[in-house]
Structure formats: C-alpha cells, structure tokens
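4 protein chains.
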Amino acid sequence: MKIQLYELEQPKLNEPVMICGLPGSAFVGKFALDHLVSELPALALAEVYSDAFPSQVMIKEDGSSSLLRTELYYRKSPDGSKDAILLTGDAQPTGSEAEHVLAEFLIDFGREKFKISRLVTLGAYVTGTKSTEPRVFATGTDRDITTQLEKAGCILMRDGGITGMNGLLLGMGKVKGVEGYSLLGETPGFSFDPRASEIVLESLSRLAGITTDLKKLRQKGNDALETLKKIELMSGEQSSESELEPGQRKRLDYIS
Amino acid sequence: MKIQLYELEQPKLNEPVMICGLPGSAFVGKFALDHLVSELPALALAEVYSDAFPSQVMIKEDGSSSLLRTELYYRKSPDGSKDAILLTGDAQPTGSEAEHVLAEFLIDFGREKFKISRLVTLGAYVTGTKSTEPRVFATGTDRDITTQLEKAGCILMRDGGITGMNGLLLGMGKVKGVEGYSLLGETPGFSFDPRASEIVLESLSRLAGITTDLKKLRQKGNDALETLKKIELMSGEQSSESELEPGQRKRLDYIS
Amino acid sequence: MKIQLYELEQPKLNEPVMICGLPGSAFVGKFALDHLVSELPALALAEVYSDAFPSQVMIKEDGSSSLLRTELYYRKSPDGSKDAILLTGDAQPTGSEAEHVLAEFLIDFGREKFKISRLVTLGAYVTGTKSTEPRVFATGTDRDITTQLEKAGCILMRDGGITGMNGLLLGMGKVKGVEGYSLLGETPGFSFDPRASEIVLESLSRLAGITTDLKKLRQKGNDALETLKKIELMSGEQSSESELEPGQRKRLDYIS
Amino acid sequence: MKIQLYELEQPKLNEPVMICGLPGSAFVGKFALDHLVSELPALALAEVYSDAFPSQVMIKEDGSSSLLRTELYYRKSPDGSKDAILLTGDAQPTGSEAEHVLAEFLIDFGREKFKISRLVTLGAYVTGTKSTEPRVFATGTDRDITTQLEKAGCILMRDGGITGMNGLLLGMGKVKGVEGYSLLGETPGFSFDPRASEIVLESLSRLAGITTDLKKLRQKGNDALETLKKIELMSGEQSSESELEPGQRKRLDYIS
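Residue numbers (this note's numbering), protein chains in the order written: chain A, 17 to 272; chain B, 17 to 272; chain C, 17 to 272; chain D, 17 to 272.
If we strip away everything but chain A, and leave its shape as in the complex, we get (with noise of 0.2 Å):
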C-alpha cells in the first residue's frame, strides 16, 4: 500500500479538531463536508493518492480528469479559539486492509504535524425507512465524550458497529490517544439525503463550535433533489441527460 500526501500549504493551527466526511450511504458526510469547506471558508492543506483507491480518474466539468484523491482543508478560528482540519475526498479505499493503512496514515498526519485534539466524524445511519423527524445517531471513543454527546441531543448507540472510514478514523484515533466522536444522520438511505447532512451540521454546531449557514445547504441540497427528478422523469421518457440545461448537471456533483 503506497500513500502520497503533497502539502498545499503549511498553516500553523491550534490544537485543531480533525472533521471527515467521505462519500457513502446518502452522501450524508461529504455533502456535509463539502458544505464546511465552502462556507466556513476552508483553504486547501493537501493532497493525498493512494494505490488504496478504485482505480479511475475523475472527470470535472471543465474536461479535465484526476486520479481519485483525499483532500485536506483548514480552517482557522476567527477568534482564536480551536482551528479545524476538514477531511474528504472522491472515494474510500477499496477494501478493509486499505481503510486501516489509510485511516492510520492521516490520523498521523494530524497528530505529527498539527497536534491534532479531537476527532469527528460525519455520516449516515441507515435505516430502509423514512422519518418525519430524523435523529442523530452517536458514538465516541471514551464516557466523557458520550455524556458531551448525549447533552447534545445525540441518541448514543450502545451495540452494533460502525463500518469503513467512519468508524476506523475513529477507531484508529483511539488506538492513537486521539479523542473523538461519531455523528450519523437518519437516513432511509435509498438516495442522496441532504437533510441528514444538515441534522449532522446542527449537532456538530453544538458539540464543536463550528457554525454555518444551514440555509445554504437546503438551498443547493434542494436543487440536487430537483434535479434528480427532473433526470428520473426524462429517463422515464427515455430522454438523454443532455437535455438537463446548462448549470444544472453541477448540482449534482455529489451524486455523480
């Protein structure tokens, strides 16, 4: 397993918290994520490629095409109060070997370089089902944290397991004396879900600090939504793609 990381930038940052999102179940955490590094603003850290990935480049909009990556923001505190590392990316690895070799190598990273105080991580919890009032699921690595998580609205979970990047990060922060926890949006999980995205923002505003403008979230979570429609509609009149106007093949870009 090869993991190359090319720094961007080499901020000095307080005992930052570490906060991941990668594509999953309803793209609950990189939607989530990507919301972060747009709105708080966050400025690009680094690059990581890895022999982890599915082997495919991505296509952007603009024609141009790259290899699969993880990528790392920051973010520092207006105030002076906790600065944040932003973690996502186009995929997870491709099996359970990689996501431990992965997970390891940025946890790392966080810790080596930035000293890293805390770790979260946001995703989904899937249920098959749809809720009129959807909860936030948690787990964190220690009884101090769980209580924080519990005061917070969260419902802690107490068996099962959480699968992939989500809970090795945290699992793996663990292991390294990093502290953190674990928040999971209800989901039925059929399809992308930008409301389990913003429920996991508010929890996360309450438990770290780090605030944003959810309007803007439902705003483009809803365009997505409608676009999606729109796309399953024409399908039906088996029409092509192309007949999307132009600007609104971008809202899904998390969906693609």
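Check each hint, because a few of them may be wrong.
Copies of the same chain look alike in the list, so a pair counts if it fits in one copy or across any two.
[Claimed, not checked] Computed cross-link-like contacts, DSS-like style, restricted to lysine-lysine with a CA-CA straight-line distance of at most 25 Å:
id: 1; residue 1: K192; residue 2: K76
id: 2; residue 1: K167; residue 2: K76
id: 3; residue 1: K146; residue 2: K236
id: 4; residue 1: K146; residue 2: K231
id: 5; residue 1: K245; residue 2: K167
id: 6; residue 1: K246; residue 2: K192
id: 7; residue 1: K18; residue 2: K129
id: 8; residue 1: K18; residue 2: K192
id: 9; residue 1: K231; residue 2: K131
id: 10; residue 1: K131; residue 2: K28
id: 11; residue 1: K18; residue 2: K131
Hint data in this document are derived by calculation from the structure and do not stem from the laboratory.
Please read these numbers as outputs of a predicted model, since none were measured by experiment.
Assemble the complex: chain A is given as a structure, and chains B, C and D must be docked to it using the hints.
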C-alpha cells in the same frame, strides 16, 4: 499487513498452555473463552490491533466504541502447576493471508515471550442436524496428542480439514514446534449453541486440568437463548428490538 | 507487488510521446496499438513481467507459450520531430492496487529514462447501442489539452470517470507532472469493434501527427470480423473451431 | 507474502529435471506425481509453508493435522543420467499474486540450489466430453521443445492459455532461463480421472526417460473409482460415509 500489540501486563508464567476461541460457527469457541476469562478468572495481558481485521468499530453498551481486536488474558495456576494464556477477540481476520500472518504473530508472541508449552483451539464441528448427545471431535499435532484425545473421550477426526484460525493456529504452532490440539463441539450450526461450548470445556477440563463451574455457563447460555426467542417473536409482530427490557440485550453480547 | 522490466534496446529518443492501448472493451485500444506497432513500424524496447497480471501463460501459434506481460516499443520520428513510445500488452492487472503500482512504474520508466513529454491512452467509450457515426470522446489533464481535444473534433467528457489502466495511466501521469489525454472510441461494446479503433487513430493523427495507413487496419479488422462470423455459424452447427482454414485463426489474434 | 522452506536433505543432483503436479482439475497432475513419488521411488527433499495457501489444516488418517504445504522430493537416477526433483503439494495458492510469488520462489530454489535443467508441469486439458481415446495436449517454452513434444505424439496447442500453477511455473521458468513444457491429459473434467494421469505419464516417459510401472497406477485409480461409486450409492440411500470398510477411505486420499 500490520499488527500492533499493546502489552497491558508483564506477568511471569510457568510454561503456559495457550487456549484460543474466536467468533465463528455457533459462537462455540468465543462463548467458551469468554466463560473461562470471567470464571477462572483471567487478567488482561495484551490487545492486538491489525489491518488483518474487518474495517469496523464495535460499539459497547456504554455507547463508546473501539477497533476490532484480539485480546489476550492470563491466569496463574493457584497450585503452581501450568499457567494459561487465553486468546479471544472480536473477529477473525478478513482473508487467508491475513489469517496466516496473524496466526504466526500470535504463536511467536506466546513462544518467545512465555515459552508456551501447548496450544489448544476451541470451535464448532457443524453437522447441520441436531444431535441428542453432541460429541467433541478432535485432532492434534502428533500421535502422542491424538492418543490423549481419544482417552479423553473425543472422536478423532480421520480426514478433511479445519479452516480459519482454529486450524491455522494449530498448524502454525506445529510448524514452530508447539504441540497442540483442536476441540470441536458438535452443533447443527444454525445459531448460537451454548451446549457445544459446554462439552468442549468438559473435554478441556479432562485434558488440561482447567476446570470451571459450568452451571454459570449453562445459565448465561439459556438467558441468551431466551432473549433470542423473544426477539424472533417480536420481529414476527414487527416490533422493534428496543422493547427488550433493560439488561436483556446484555445477554446477547456473544451473538450481536 | 513485484515488477521486472527487461530492456531490449537503449535508444536515444527526443521527448517522446507515450501512447498506450491495452486489452479492454471491444479491443479498441489494443487493436489500435498493434496496428501502430506494425505500421509505423516500431521496434521492441522492453518487456515487463509482474505478479500484477493474471496467473496464466499465453500460447502462441507456434505452440510456444509465455507469461502475460506489458510490451514497450519505440519509434524514432523520420523527420527529427517528436519520437514515440508505444505501450501495449497481453492483459490488464488483476485489481486496483496492482493497476496503481504498474501504472506508476510505467510512468516513472518513461519519465526517468526518456523524459516523455506527453501521455496518450486509447480505449473504448461503451454505449450499448450501435451508432451510425461513432464519435471520439476525450478528457485531458488540463485546460490547454482539453482545448486541443475539442479543436481536433473530439467530444469533451464533462462528468463520470475512466476506470482501469486508461484512466489510471492518465491520472498517474498528471500527478507526476506529465500532461496527457485519453481518446475513447464510441462503441456498442458487445464485441471486437475495429471501427472504434480507426476513429481513435484518426484523432491521434490530428492531435499528435502520428499517421499510418488506416486501409490496412480496416482490412485486418474486416478479416477478423468475417472469421468471427464464421465461428458463430459453425458453433450454431455444432462444428469445431478446427474447421477454420489455416491462417484464419491468425486474424483473431486480437480477440482470443 | 511469506514463504518458508524447510530442507529435509541436501543431496547432490546432476542437472535434474523438475516435474510438477499439483491438485487441480480431475486430479490429473497430483495423482501422477504421487505415483512417481511412491514408484520411482523419490525421497523427501523439502517442505514449503506459505500464507499463499488457503487457511486450513489437513487431517491425516492417523488423526494428526498439518498446515497445507508444497512438498519437494528428489530421485537420483540409477544409471548416472539426469536426476529428478518432484514437486507436489496439498493445494494451489489462493490468488494470482500468491501464485506468481510461489512460482518464482520454487523456480529460484531449483535453479540456485540444483541448477535444474528443465521444468515439466503435468495437468488436465478439460473438454467437458468423454473421449474414447484421450490425447495429451502440450506447449513448450521454445521451438526446440515443441518439436520434441510433437515427435512424442503430443498435440501441440496453438492458442489459448494455461491458467494456475501449471502455466505460471512454465512461464516463470522461461523468464528465468529454464526451458520446459507442459503436458495436459485430455479429460471430461467432471471428477477424478486416473486415465488422464496415465497418458500424461506415458508421454513423460517418452520425453524424459522417467519410466514407472503404470499397472500400479491403474490399479490404484480403479480402486479409488470403485470407492467413489460406493459412496454415491450410499448417499443415494442416505447412508453415512462411515459405512465404508476400513481401508477403503485410504483409496480416496487424492480426492478428499
């Protein structure tokens, strides 16, 4: 493949026997080992983390979560006779190379650090049909051992193989000069089978002189089986698992 | 992962372009590369063996057999302009890690030994439906390249991805500072499609000035298609492949 | 990938030919090799353990069990002509990378330790239909060899490939400068086929001058086939395998 062992204590042990039981068919080996750990009782010796395991955190009843791991315990014999190292854990490795590497690592740890004199693996002999008088099937690393197995009332296997960590630990031990045997409790294999764990522990008692109160194992097993039935009834009525009374879920620790 | 490259010659090349086509959908890239090798013509440069490939020997018409391998050829430009390295082979690697490792090895070989100036990958754009006027789809590593692709009449891709070595070589080149593009011939993708190879080579001629007699490619393609039809008819009559006239099997080298 | 070879003897051999037959379709190669080992007879040379193999112990008739392994035997020629190394074992490796690594290790061991002059692999040519006069198909590393194969009455293969260790050992030998050939006995491939082993050994005798009494092979093969039929009959009557008379199971060593 990366393996990290964290030693929790450094006891002096007298040519200990290493007894292994991991999650597998009907939870025979895992349930037996958890019983030994709590009833001997045994003390925590080491934790082993590895990318050999599935990529997951397991969530405990208190809401906190940890990476999957192998756990080692030790028990100093009260009468100065042979001590024991108990090996259990959350999961088996994800593939055959991972199983080989972890098995060799664990055998080497036992040999080099504690000069283990013998290796025992406990597991299931799956038949697919219910037996009124389940038997213990066995194989050993050499003829001396197989003779002892027969004297202790085990059915000596004559062909076939044992797959997974139960087979691999035994075979890897043999290559490294550690004699040993495998005790497999007959079970239909359809679900959790505490009776198979019980007969395997009876054989272990006769063979290794490691004896515990099996009434407790029977009680714990029956509690878990009752809870399982309740869940089945409830899922027939489309009710949720949360209708279980507090404490009942606890009995299912071995089956979750 | 182990890779062994055997150099067959050590030519001096002038900032060569590296053109890649491997077995894949409809044999578009492989058929195009084999045509370039025989018609430019190009000379053998190196053979690459690796455990990244499927475990198999391929048997040649003369009854001898060899491990699967990647083959590199070179062609010195007759007029002192840019030279070319041609990359083709028997198979693509067996998984995503193997693809990453081999792609990086091949790019590094081209960069360090020959300072390749540009990388081109040729392959298939599979649509599932037959087109009367098949198009060439394309993506590049940056905006300068994508502009050239559009000027050359290619359809610029705007989303999605390219999987396998065609995508990986392009993306790995970009990470390593080698610009490049991918030309994908539109094809239903059901079977061998020499027409898709032809239009891809037409685009390559416009973009890279590497021109060959495409009549020969068309003839060879038609011969192979005829033989394929014959085999289909025969298998309808439950006859054996051995009824093919001597020499006919040769035409199927690309499809076996 | 880890490979451990335990040398059991250190004989001096005269440019030995290495003859390989592993478990595979219809047990053609394995049954042939086991016959050679017992009838030449050959002596134990080395045992090879590796995480390339499936994770399993095999249980022997005496109730003891061992890790899966590759076994090497040697036979000094009685008349001072070329000696032989025989290579067989319990299983083929689990995947293509594992097959490559083990094949290279075994070829290197033969080359560096014993300067093997030639490599022969024995296996099955599966047709799916029963032939009254089964043939031996063959391929070699070069034209000299293929000419010898045709003279010995083998059908020279002209296309396709050989997968698994039979192909890989041959191809890896060629890359390393060891000439060789593969002899594949025609078989429907449905089950154990001792006749295919027999014709392959007849070809080997003509090509390499290694001759054994094939009556014994025929007798052993027929015994095993009879026992197999008996088991089929019994399973039709829902009886258990244990109704076999003592000693009958022994005949199935190759098929278990």
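Exercise for review: May I ask which of the numbered hints given earlier this structure violates, with the numbers listed in increasing order?
Suggested key: Hint check: 5, 6, 9 fail, others pass.
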